[in-house]
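Chains as they are written, first to last, in the numbering used here: chain S, 47 to 275; chain Z, -11 to 235; chain E, 332 to 936; chain R, 9 to 212.
It is worth saying that the hints were derived from the structure and are not from the lab.
Quick caveat, the model's predicted, so the values are computed rather than measured.
The beta-carbon is built from N, C-alpha and C at its ideal position, and this holds for glycine as well.
Just so you know, not all the hints are guaranteed correct.
[Unchecked claim] Sample of chain Z residues lacking proximity to chain R, with all beta carbon distances greater than 12 Å (derived):
1. GLN110
2. VAL178
3. LYS230
4. GLY233
[Unchecked claim] With the C-beta cut set under 7 Å, the calculated list includes, among others, these residues of chain E facing chain Z:
5. VAL687
6. GLN732
7. GLY734
Residue-level listing of the chains:
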Amino acid sequence: MNQSVDFIIGAISFILTIMVFSYLLGDNFFFRLASYLLVGVASGYTAALLIRKVIEPYLITPIIQGGYEQWLLVIFPLLMCLLLIAMFFPRFSRLGSLPLAFLAGIVAALTIVGVSFGTLVPQLGTLVESFNPDGLIVGANPNYLKIADAVIMVIGVVTSLFYFHFGLSRKKTNPEMRPKLIEAMAKIGQVFIGITLGALFAGVYSAALLALISRITMSRDFIMMLFGS
Amino acid sequence: MNELLIWIALGVVSLLLIIIKIGTGKDRDGNIRAIIAFEKLEHVISKLLENGKRLVIGLGSGYQNSLLSINGIIGLPAVKCTAKQSLLADEKPLILSGDGSLASMSQVALTETYRGLRAIEQYKQENSFFAGTTSMSYTASVMAESHAKENGGLFLVGHIRPEMLLPVDLVHNKASVSIVSADEPGTQAVIFPNCDSATIGEEMYGFVLRTESQPWLTASLKLQDLLRILIVIGLVAAIILKLFGII
Amino acid sequence: MSDDVLICPHCGEENLASATRCLHCGLPLEEAFAIDGLKDISSSLTGDFVKAEEESLPDLFRDLHEEADLQKKAAKIEALSSIESTTNKAEEDASEELEAEDTIPEWLKKIRQRAQVEDDSSGDLIKKVNARDEIPQPSEQSQVDNEFEDWLRQIRLNARRDSIQPLVEEPTIPGLDEETPSWLQKLREIKETENEPEPELKPQTEETLPEWVEEEQEHLASSDSSLSKGHPEHTQPLQLAPEVTQMPGESIGLGETGAEKIEIGKDQTKEGEALEKIIGQVGFPTGTEGKAFLEAFEQERPETADLLLLRSQRDRAKDLKDMVENEGKAGVLPKQQKAPRNKFFQLVLYLLVLSVIALPLFSGAIDTKINGTMQPVSLAFFDSVSQLTAQESVLIVIDYQPGSSAEMAAIFQPVLDHLTRQAVKKSFITTYPEGVWLTSQLIGQEESLTETGTTYLPGAKIGLMNLSLDTSAALSPGLVSSDLFGSQYDLDYDSIILLTDSFNGGKNWLELVGPFISADKSLLMVASTQEAAMFLPYFDSAQLDGLLAGLNESALYNNALGKSSSISINRSYQAGLLIMAACFVIGIITSIGVKERPESQEDVP
Amino acid sequence: MKKIVSIVIAISTGILVIAALIFRPQFNPLLSLILRWGITIGSMAALVGIAVLIKTHLQRIAVGKRGFFFSLIVLFGFSVSFLGGMLLGVANPAYQLWISSIQLPLEISFLGLLTLILTTTGFRLYRLKGWTPLSISFGISAVVFLIIAMGYLQGLGNPTLDRVIEFIQRLPIAGGRGILIGMALGALVVGIRVLIGVERPYGE
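My request is simple: use the sequences and hints to build the entire structure.
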């Protein structure tokens, strides 16, 4: 029984892989079939999971099992959910702005807190800390490699930050350009950003390569299973 | 003590935004450089309307595909602007969102735009929906929807994953236009060499479209520039103090 | 002849009989009018007589008479105010006359402005006539002397102006502005203000326009200003024919330092709208108006053209002229051609890469031994896991999508073995809906380890914040706790191992969980190579205690565990990376010297 | 009137969350309650979004719009997955096998397809971007890091080469940190705009 199930799963997987890779020949019927199938299956699963794992425990269980106190603590989300359900009908889609406002307020606050506590302060603090004399000078002789690393790091960060500068120069001589100093630093910043994007490109390619290799391996195993060897 | 300083700094930054906005007043352009990807977007929107083609706007997938990403909000002005300009066109824009809250927000944006133009009957719910619940199924959905003949361009903005290069390649093969403004660095690295109208890093927040919120967007960019300069000055000063062992 | 010709007694030139004043020297011809038997009027035209005469005139004539004097004085003031006179005397006169000016009525100023406009457009003959009128009636010897001195001063000023003129006419070379004296700069500014085109008269006042017209105007103004502002963006020299992109900071407005050259491709395949955009950006009128504008611009004397235009504007004008000439040849909006798709080339390339990657896999499993030393980030990961003891618990978070499961399973395998060896208590949660069934794919091989199923943590960012506030409430939601104010709380686990393939997913954990858990708990990450480079700054700032990414690092981790690691797919993996590097190098070589091909996707269908 | 209410809700919620984080841990349970409401509403928004997706495909079938066959496929996939999950339960092994046997191969294949699409990057890069510091450093960096990712050089065991590779692998941190800080500033300002009620994604 187990072998036949494996065969069926292998066959489904092989056929779907071929349908997706048929895109190389051009956007065709089979490729779109596979795309729409993925959309249907994924949304069905997510809907079932959200109902089972979120709506039931967070909304329905307190109403059924909880007492008066639980109702009080659940009324607000229940009302908001009803307003969202009303959005399903185009005529009432404006009602949805109240729950969406609540969501936007939370996400905005978490973004502000996360960005300042989790990225800006630690990253800038590390840059300053890397110039700690204790770390740069080991015993009597300075650690030249660490010093070079710290200096390159600061130059890279400052110049790549100025690459994104938005304001144009106010001087009449170059009205449509950014200030000369910022322009010069932006040119250096481009090199550092190019290096980072190149490293990320290599990373994305090798991750995708592993996925391709796993698909080819799976197809090879299925073909061999098909021919019984 | 450190935490208190951070909270105070956040308060000051919020005040700075309001002060800068009051300072720039009605000045819509505010001496801000135009990001060429978004300049091109305005050109594409009008061009597509002339040619009777449709613009597909992808607002990106949510984090862990179940909730709102702050970067997805940036694309909503494009929804309003396209809807307004395509009022008399025969092809309305198609808005595909990768998370439920963004889909609802784009529907609210569409209804308000058409209601503002006294043309609420033009609003169709199937022009703006939740296209895919996982980021890969969102990619597949955008590719499938981009196949239609009446599509003339693709604009992706928000939380865009690296695999979204596939719909960009599909649109490229159909000799249509694609403009991408992604928040994931990996996506920027993959889209940058393959699409000439793509933003990198912070340029995504330079999305200023001629809408009523433009003065605030311009003030935001000025605030970002100011913060950038303050950060660099603070950094250099702190490094010098650190070297001399003062801090 | 002699009856209808009068000889001027002063300069001896002929004048018309009816002339009262000599055309050539401007002096009156009274003597010629002497009538026998009458007292010499001229000698009686003394001041008293003139005054009496003036009182008898009606008011209008008196004003006109005064106005003639004032006009003469105003002309003098303009001469004085245009040149910064070196002598003090001229300044005092100007101040006296300025006081007189305030008394002029409003309607008179208008007449004067109109007269001035007519003045400019009149020909030489009329100028001479006007000059004649300016010379006042000789009343007293002192008045004549004053006028004579004024006249001499006028000549001296003109001479000095001519001597200064060449200086001013020199083209302003950027960078020299600082040395030129301030008075010369003022002179230039005045010159510039004189040459500014007349402001267009608004057809209607602002208030009466309907709302939609205002919007349109606003839109046009903002689109003009942003277009003429130029787009210093993205990094490529501006190329007209295919697509308008240019370096950040280098304006499209042909700034001097800009590397952009507007090349009009001879074999111009692009339709006219890129052309329209450029012309629109440069801010000049297009089509026939453009030609008229250019001819008017060329006819102006080159010296003054140099004076007034910066060098970039001059280049811009020259380029625009080329564009306008080319416009005819290229055809305004060539029909949208389907860009020639190099489909076949792409297909061959795809099949080549596919076969290079697949070949090692079909030629039998060859295990290749991986050796080398781990990176510092992987070493730190190894040390952190080694320090975990049997009593401690680890929270393993599945934060990747099914598409990356092949890579994540391969990388995480040695870590799972290490955790099993440390006999650490493991709990699995996932922030992705698919994570619930992905865990069985991940740890399927070690069936015995599935103590607790995988818990789904919904809500993305909000869920993470909830987790760091109260793990049990976040992971086992049931009844809502009623006490709204509580005490300090901390994560129930000693270490978190996050498996992620998205930078923003990992960043959420580092921003919303990292800062809010106590320092003795470690946050480790197994990252897909997609975004591993972006997590290095977080390891550098000690927000991450360890980072394991990449197939090789995972193999070296296995080596560190004392197991012999070999990856059967490694040869195929290396072949795929090598052929990609080769494609890049070939692409770079073949792109050298090739003009930027119009990107087909630029042609908006 | 309704416009003011949604603005007030957004601003007050944001300020409440920030205040609760400032006065940690006293407000922890209250903040946990607000976050729990947010998770519920967010999930309901996703469910309503999915319902609208299915409704859209139903309308395409009803109208007989071109390509309605694919809408049938979506409905088939949705109904099998949704009903299976609701009836058998999401943790049921057979149900999970059905889902993983379809979703896993499709998603991995899409990612594998990306590998082949990326191979033309080298030929397009300089035709599109021209020769600028950014594109030149991008090209060189991509080639170098592709070769380093092979792991072949690290396997040679040459200490000097190892130190050079280690130095090269640290170079992306500089540019990465610049991008990080830049994007953090942008996200911070967008968050502040939403918090002070100027940016209203939830509707004017």
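Hint check:
1. Distance check for Z:GLN110 against chain R: the nearest CB is about 16 Å away, which clears 12 Å, and the non-interface claim stands.
2. Some Cβ of chain R comes within 12 Å of the Cβ of Z:VAL178; the nearest lies about 7 Å off, and the non-interface call is violated.
3. Taking the minimum C-beta to C-beta distance to chain R, about 17 Å, the non-interface status of Z:LYS230 holds against the 12 Å cut.
4. For Z:GLY233, the condition that its CB be more than 12 Å from all CB atoms of chain R holds, with the nearest at approximately 25 Å.
5. A cut of 7 Å between beta carbons decides the hint on E:VAL687: the least distance to chain Z is about 21 Å, and the hint is violated.
6. Satisfaction of the interface hint for E:GLN732 is found here, the shortest Cβ-Cβ separation to chain Z being roughly 6 Å, below the 7 Å cut-off.
7. For E:GLY734, the shortest C-beta to C-beta distance to chain Z is roughly 5 Å, which falls under 7 Å, so the interface hint holds.
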